[in-house]
Amino acid sequence: MWLTQLFNGLSVSSILLLIALGLSITFGLMKIINMAHGEFIMIGSYAAYVTQNVFKSALPKSAFDAYFPVAIVVSFAVAFAIGYLLEATLIRFLYGRPLDSLLATWGVGLVLQQVARSIFGAPNVAVTSPSWLDGGMRIMDGVVFPYKRLFIIGLVLVCLLAMYLYIYRSGPGRRMRAVMQNREMAACLGISTRRVDGMTFAIGSGIAGIAGCALSLIGAIGPTIGTNYIVDAFMVVVLGGVGKLVGTVAGALGIGMFNTLFEWWSTASLGKVFVFVLIVAFLQWRTMGLFAVKTRSLD
Amino acid sequence: MLQALTAPRTRKLWLLLGYAAAAAALFSAPLYLSDFRLNLLAKFLAFAIVALGLDLIWGYTGILSLGHGVFFGLGAYAMGMHLKLAAAGGRLPDFMDWSGVTKLPWFWAPFESFGVAVLLGILIPAALALFLGFFTFRNRIRGVYFTILTQALVIITVTLFIGQQAYTGGTNGLTGFTKLFGQGLKTDGMKTGLYLATVIVLIGAFVLCRYLVKSRFGKVLRAIRDGENRVRFLGFDPAMYQMAAFAISAALAGIAGMLFVLHVGIISPSMMAIVPSIEMILWVAIGGRGALVGAVIGAVALNYAKSSLSESYPEIWTFFLGGLFIVATVFLPGGIVGLAKQIGPLFRRKEAVHDQALNPVLRESNRSV
Amino acid sequence: MRKVHLFKSLGLVLTASMALAACGGNEKGNASPSASASPSASASSGASAGEGGDTVKVGILHSLSGTMAISEVTVKNSELMAIDEINAKGGVLGKKIEPVIEDGASDWPTFAEKARKLLSEDKVATVFGGWTSASRKAMLPVFEELKGLLWYPVQYEGLESSPYIFYAGATTNQQIVPSIDYLLEQGKKKMFLLGSDYVFPRTANKIIKAQLAAKGGEAVAEEYTPLGYTDYSTIIAKIKSAKPDVVYNTLNGDSNVAFFKQLKDAGIAAKDLTTVSVSIAEEEVKGIGADILAGHLVAWNYYQTTDTPENKTFVENFKKKYGADSVTSDPMEAGYTAVHLWAAAVEKAGSFDVEKVKEAAKGIEWNAPEGKVTIDGDNQHIYKTVRIGEIQSDGMIKELWNSGSPVKPDPYLKTYDWAKGLSGGS
Amino acid sequence: MTKPSILSCEKVTVAFDGFKAVQGMDLALQPGELRFLIGPNGAGKTTMLDVVCGKVKPVSGKVTFHAKSGSIDITKRKEHKIAELGIGRKFQTPSIFAGLTVEENLEIAMSQNRGVWAALRTTAMKKAERERIDAELSLIGLGDQRALRAGRLSHGQKQWLEIGMMLLQEPEILLLDEPVAGMTDKETEKTGELLQEIVRKRTVVVVEHDMAFVRNFASKVTVMHEGKLLKEGTMDEVQRDDRVAEVYLGRRRDVDAVG
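Residue numbers (the working numbering), protein chains in the order written: chain V, 1 to 299; chain L, 1 to 369; chain W, 1 to 426; chain U, 1 to 259.
It cannot be assumed that every hint is accurate.
[As the list claims (entries may be wrong)] Simulated crosslink set (EDC-like; lysine to aspartate or glutamate; CA at most 16 Å straight-line):
(1) U:K55 - U:E84
(2) U:K201 - U:E172
(3) L:K179 - W:E144
(4) W:K147 - L:D35
(5) L:K179 - W:E145
(6) L:K186 - W:E145
(7) V:K56 - W:D291
(8) U:K62 - U:D73
(9) L:K191 - W:E145
(10) W:K420 - L:D97
[What the hints assert, rightly or not] Chain U residues, not near chain L, derived (Cβ > 12 Å throughout):
(11) P31
(12) G156
(13) V199
(14) E232
[Said to hold, decoys possible] Listed next, with one range per pair, are the computed distances between beta-carbon atoms:
(15) U:F19 - V:V246: 14 to 22 Å
(16) L:R140 - V:C188: 28 to 36 Å
(17) L:F331 - W:W366: 54 to 62 Å
(18) U:G32 - L:K214: 33 to 41 Å
(19) W:D54 - V:A66: 58 to 66 Å
(20) L:K103 - W:T415: 22 to 30 Å
(21) V:A162 - W:Q392: 38 to 46 Å
(22) V:G96 - L:I200: 40 to 48 Å
(23) V:R174 - U:A128: 53 to 61 Å
(24) L:L31 - V:R183: 53 to 61 Å
(25) V:C188 - U:G32: 42 to 50 Å
(26) W:K215 - V:S131: 39 to 47 Å
These are calculated hints, taken from the structure and not from any lab test. Glycine included, every Cβ here is placed at the ideal spot set by N, Cα and C.
Make the full structure from the sequences, and use the hints.
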């Protein structure tokens, strides 16, 4: 049983990480308190839904299983594009005003929900998962690791690796870090901060889109699903320490593991309460999260 | 002529005149508003009291709390418990009966008395704020960390209230109130009375906040907003001031919650959740943070907009509401009051009020990460 | 800082008077603001108030935004369709019904506010609305105070009988109690009770536990997850280790999607473990995926496949109006039936007066899509046929068992010996 | 030089993430002394001030404040307590309260009962307080700007306002971090005058880069390098020292964050 629970903990952590990764960019690096992050996850889910429908209606049945990889790309692309658009029209007015960004993106979230409702209707829609993700790996009697869960864990690792390489090992990533750390200096060095900002926000949104696509495998797809994830995503990023990729990973693992553990011992509701009490208590001790960036400035 | 109007002495007169006119308009509202609209207005005015408290902690002290729904809810539950007991008339409240509770829980008993209920409706939120503030402010948790922490508080409280259905009424909350002071809650006299009581409490809260803001306490709060550490090196303990402001703010939210229950007749955990808590912040943001009048205007105007938009466009009104938030926060960073300040100089033909007059408030209320 | 006060005060007066004036203005004729509204909303904008002229206003109050919109919007649609049908036949008492649509926004105080608005501003003859118990509980005092009429279309936890509410959905003895009996008869005695953490599941499970205790069954575990919960891996692990015969599922909304998807992934199919759900109807099946739900059981009073002539027309008309791939479900049928029952009661009373309609409604029979329904005059609930169904891979639900005849509603379970003490003194 | 010191730091070591910004530093101040703390970037000067005012806690070492009321170990106190005891600190960047008026800034800074209750009860300034502030305003030359928001002052005016605040705070020891940085010559001159005024009544430590400015004052200079004490003495002595010359003129080191 402990093996199943360990796996479940890992699985929950991977999902938390997936929903928080995009936010660790838009919030962690750009300091935009993006309350519309959940809605980008929703966009990803709907993109998966639309891709599936296109495959269903336009392509032979045998090709259907291939829709999912395509859906991941489509989800990323759609969320990326909407993110880019949002940055260009709205977010760029909000740099250096994190709390204003909270309020404005809250409004964006409301609008996006209503857009989804107008396009796809209020009820939930269903995505049929590809057959190669059905079933699970039988470890031993009674212990099954579902393929979807394994797939999500793998997907998270891939996203994480890609993000790491992009941020820390590529030219655009270096420019991105330069802009996020010192905007004026970067501008002086000839970096187009406008373009970097746009790209960064779009990438963060795109990753949220991937999360939405993956979550369509195990959860609901509806206009308001974003609200189910948004608070958890913020908790993960904050617990880990804003602006630290490794912190986000640790935050996700911590919350995921403890949540599974507490839920197993008590009930889902109490487990949730425990985890949040723990987060509050933990932040008292490490006030800037697990991996804090130390600064010497006065405020 | 305009210059004469704005001379220092007449300025004060105009201000007083403005307040007097507003008060007169509010006090006479029962004469020209229908029952339904009066009830709505009463609810908005209750919200304005929360907004005042929020402005104190956010606009003046620079601490953004996304957990005021909890304080509001605790006050509301205190009043709700009293009303529930009054409605039960000595028997167990109906939901307890169904949940298998046979005896009134000890912590319900004090709420039998109206006075105690009101007192607890103020003290419990304040005490919780002090408790949370004692740790967080002393540990110098601030900015976005504090904000997220208050969200955690919301989740914890809401989950607990829902889970303890036998004692709190669960998701349904408390409703089905009938009596207050032995009188019917739904009589015309009672409704008008409750409305007027709300106006009086609002004016009281406004006067209190104004006093606080003008006192040296208020100056220290603003100093903390501008530079918390700097205040520390002047020999003040910012944590104590933040705790005090947070507790006062929470108490105001509790008072608002109590009035809300009296007008609306229901309190449920959903009123304490994240969404209402964020909406409360929006009232202050749109009204104009760092200006008490702004908080009141924001709460009333935004709720009025929400009500009328959803009445006129029930299926797509969230489009407009969302759009309003976006436009207001991006293009009206000073809120309605800020707009007035910007328009003001056009009429005055004096040196234009530079952005900076407002900037510190915005910058510091934004300072977080 | 200096001369700002003047403008502050001006702004204060301006806003206050603006708000008040607008409030006041709106009160006189609600027609004006909605004139330019969307097509369905503009239906509400008539020159007449209440039952003046040749129309009569009724309120439609469901969540059109927020988390509950996923369920409630379709009920609104079926209610509007019923209104259209009645209007096409000449209306009630010769007057066309004019729906006034309001959004409860998944927020209970908003339900109360809008109910009050419908009754006191629009002066509607009756209101159809609500879904969650919380929204009904929030509206109840308003309807009792203003002596308005509410038709509530969803199955619920019972223990209520307001003189101003007609309960068109099932109460516990028309859904949960017979479904447990059915399971026990099938020899399934060990039950795992899983629900969302709110009032309906907790009350339902309390009843189930009493019933099981009296009839030789056993509740092996009772688990609640917060509303909107999305990860059921731990719950599924708990189910595996408890090894029940049945999972009795009272989860709500998005949680159902997550639970069933993850149950299937964990390698548990319907043939391995029976689940009975009371909040999953055709509409929800569509949102979860029929491939995932096929074989699982549900308990309701109506399915799209229910074989009555009335249902054939109902489904046909609904598809015609809302698209060929739309489905009908129990709450939609209940909302539709409620509108027709009200119209019948009005015709019988010869008046829109609430008290007269209430009096006339007693004992009214109507051939609904679910079969014959009768209003129980004692508690304003409705006699309904109970049906256990199995979800098919095409998304439809096949009836496995039914109660044969409509069951008399008993919201307080007074006629069940084992339920003594459940509803306490009230 | 045998007067009892008012402040003594012994073997103070400060570490940030393993990096030792200050290592075994000793520093003793006589009452009424004006001491300059100089050294290249990264020498640990500002960190030393941070230790004395409580902003940074040393990993080892002792800092003792010999106040009139007795000796107190600073390292165990919180910042606001240290400030209450009489150690004032002016930071490198002017950190006045931008949202408050000049007058309000001074009002807050003034030595007073700093408890919440006292602040809650105070609505207007007493006559004595007003007079103190008026005097201060004319000293720092901001009388005309008293009702102006401090955020709208020029850079130099902000520095003076802050010095004025420090004076009203009436500390026994005043720690100044680069008071003339970024000032015009004229402003620097005026600041020098202010400083002379300040020194008359209290002990002052100044961190400064501007050697010309330091030379205006005939007082003791402490040179720090790589977190350690390099040389202590008069300006002339220090300038003649070979090691000091090497540090300043020799190989330029890369400047890290600790400056």
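Against the structure, the hints come out as follows:
1. U:K55 - U:E84: holds, 14 Å
2. U:K201 - U:E172: Measuring from Cα to Cα gives roughly 8 Å; hence the hint holds.
3. L:K179 - W:E144: Status holds; Cα separation ~14 Å.
4. W:K147 - L:D35: holds, 15 Å
5. L:K179 - W:E145: Holds, because 12 Å separates the two Cα atoms, which is no more than 16 Å.
6. L:K186 - W:E145: holds, 7 Å
7. V:K56 - W:D291: Roughly 15 Å between the alpha carbons, so the hint for K56 of chain V and D291 of chain W holds.
8. U:K62 - U:D73: Holds - the C-alpha atoms of D73 of chain U and K62 of chain U are around 7 Å apart, at most 16 Å.
9. L:K191 - W:E145: holds, 13 Å
10. W:K420 - L:D97: At roughly 13 Å apart (the allowed maximum being 16 Å), D97 of chain L and K420 of chain W satisfy the hint.
11. P31: Consistent with the label, P31 of chain U stays out of reach of chain L, its closest Cβ about 21 Å off (over 12 Å).
12. G156: holds, 17 Å
13. V199: Per Cβ check, V199 of chain U is outside 12 Å of chain L; nearest 20 Å; holds.
14. E232: Holds: least Cβ distance 26 Å, greater than 12 Å.
15. U:F19 - V:V246: 14 to 22 Å: holds, 20 Å
16. L:R140 - V:C188: 28 to 36 Å: Since the Cβ atoms of R140 of chain L and C188 of chain V sit about 33 Å apart, the hinted range of 28 to 36 Å holds.
17. L:F331 - W:W366: 54 to 62 Å: holds, 56 Å
18. U:G32 - L:K214: 33 to 41 Å: holds, 40 Å
19. W:D54 - V:A66: 58 to 66 Å: Taking Cβ atoms as reference, D54 of chain W and A66 of chain V lie about 60 Å apart, which means the hint holds.
20. L:K103 - W:T415: 22 to 30 Å: Once the Cβ atoms are compared, 28 Å apart, the range 22 to 30 Å for T415 of chain W and K103 of chain L holds.
21. V:A162 - W:Q392: 38 to 46 Å: holds, 42 Å
22. V:G96 - L:I200: 40 to 48 Å: With a Cβ separation near 41 Å, G96 of chain V and I200 of chain L satisfy 40 to 48 Å, so the hint holds.
23. V:R174 - U:A128: 53 to 61 Å: holds, 60 Å
24. L:L31 - V:R183: 53 to 61 Å: Distance hint for L31 of chain L, R183 of chain V holds at roughly 57 Å.
25. V:C188 - U:G32: 42 to 50 Å: With Cβ atoms ~46 Å apart, the hint holds.
26. W:K215 - V:S131: 39 to 47 Å: Distance hint for K215 of chain W, S131 of chain V holds at roughly 42 Å.
Checked against the numbered hints given earlier, the structure satisfies every one of them.
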